[in-house]
Amino acid sequence: MHDVVLALGSNKGDKKENIKRALYFISHSGIRIHKVSKTIITSPWGNWQQADFANMVLTAKTSLSPYELLKTIKGIERTMGRTEGHMKPRIIDIDIIFFDNIILNTEELEIPHPSFRERIFVLGPLFEIAPHLKDPVSGKSISQLYKELLSMPYVGHIETEKGSFFVSVKNGMVLKTSFDYIRGRQEYTPIIANLLDRLKMYFNGEKVDFNDFSLDFSNVPPLYRKIYTVLRKIPYGTTISYSHLAELAGIPKGARTIGNAMAKNPFPILVPCHRVIRKDGTLGGFSSGIERKIFLLKLELGDRFFDIFPKNIH
DNA sequence: TGACGCGCACCAT
DNA sequence: ATGGTGCGCGTCA
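The numbering of the first sequence is the working numbering, which starts it at 2 and goes up by one.
Derived from the structure by calculation, the hints contain no laboratory data. Note that the coordinates shown come from a computational prediction; the quantities given were computed from them, not determined experimentally. Idealized CB from N, CA, C, for every residue including glycine. Certain hints may be false.
Derived DSBU-like pairs (lysine-lysine); straight-line CA-CA distance at most 35 Å [said to hold, decoys possible]: (1) K163 <-> K75; (2) K148 <-> K201; (3) K16 <-> K39; (4) K39 <-> K89; (5) K13 <-> K39; (6) K89 <-> K148; (7) K148 <-> K62; (8) K21 <-> K36; (9) K280 <-> K299.
Here are the in silico distance ranges between beta carbons for each label pair [to be verified]: (10) H133 <-> N261: 45 to 51 Å; (11) K36 <-> S64: 14 to 20 Å; (12) G303 <-> N261: 27 to 33 Å; (13) P311 <-> N220: 37 to 43 Å; (14) M174 <-> V209: 15 to 21 Å; (15) S139 <-> N220: 20 to 26 Å; (16) P115 <-> A52: 23 to 29 Å; (17) R279 <-> S152: 38 to 44 Å; (18) S215 <-> E108: 39 to 45 Å; (19) K62 <-> P115: 22 to 28 Å; (20) G164 <-> I309: 22 to 28 Å; (21) N106 <-> T239: 42 to 48 Å.
With the hints as extra help, turn the sequences into a complete structure.
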C-alpha cells in the first residue's frame, strides 16, 4: 500500500457539494481515505478574474501505481463533468501532491506537485492534517514549509504576447516585476489583482500609468533609487536617451551608469526602462530580450516607432 | 582596490 | 554612414 496526498478544488456550481461528491468517487476507486482537512474558501490564482475556490486536502492509502492513480482521478474529474481548459472555472480539480516519498518528473506527471510549496490552499489544509509529513524534495516538514510560505511575498502573473509576466508584492509595496518566474505565495491580494488588471490593459495597448503603486526600494542603491524615481516620470509614449536621463538624475556624464541601472531594474514596465534609448537613434539593450523592448516601444509609440527608429526593419 | 557594463563623443575609414 | 578607441561613472567582489 502507498501513502498518498491529494488536493481538491472547485470553483463552479455548488463547490462544497462538488468536493463531497469527489470524495465519494475517490473512496470507491480503490483509494482508502485516511484523513480529510476542512474545506476552505480561497481566492483563485492563475486567473484572478474568476470565482473563489473551495479547497481541501486528504491523505489516503492505495495500491494503485502513480499513473493508475492519475488516470483514476482524471476519470473522476471527467465523470463529474469537468471540461478541458487551463485556468478556467472548474467543477472539480484533483491533484496528486505526494505519493510515498517518490520523486517523479515526467511530462505527464510530476510528484511531488511542482508548486504545492507556494500554495496556501494546499499547505494550509495539509498543515492541519499532516504537519509532520516531509517533502522528499526539500526534506522540510509541512509545518516548516507552511511557516516559510506565510512570510513570502505574494506573487501573481499574466500572460502576454511576449511570455508570462510576474509580479511580487509585500507589505503593500511592489517588490519585483519580471518576465522570469518569481517564487512566492500564489495568492491574489487586492494590490496584486489591481496591478495585474492594469498590466493586462497595458499589454492590450491602453495608455496606463503605474505611478500610484509604491515600489520597495530597500534593496536598491541610493543613486539607482533616484534614477528609477526620475525615470518613472517619463510618460507613456515618450522616449529619453541614456545621457539625458543621466542629466535629469544629476550625473551629467553618467550615461553608462544609467545603462547599468537599467540592466538591474527590478521593476520592468513599472519603471519604464524600455523608454530609454541611445542617443544615436538605436535601441540600446534590454536585459529580458531586445524583442521585448521593441514590442513595448511599438505598443506605446504606434507608427511613431518607425520615425524614431528608421533603421529598424522590424 | 580593480574589473565590469543596456553609453557617448571623437576620430578613423 | 559604419567601426574602433578612450573616457567617465557607480556597483559589486
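Which constraints among the numbered hints does this structure fail? Numbers only, ascending. none
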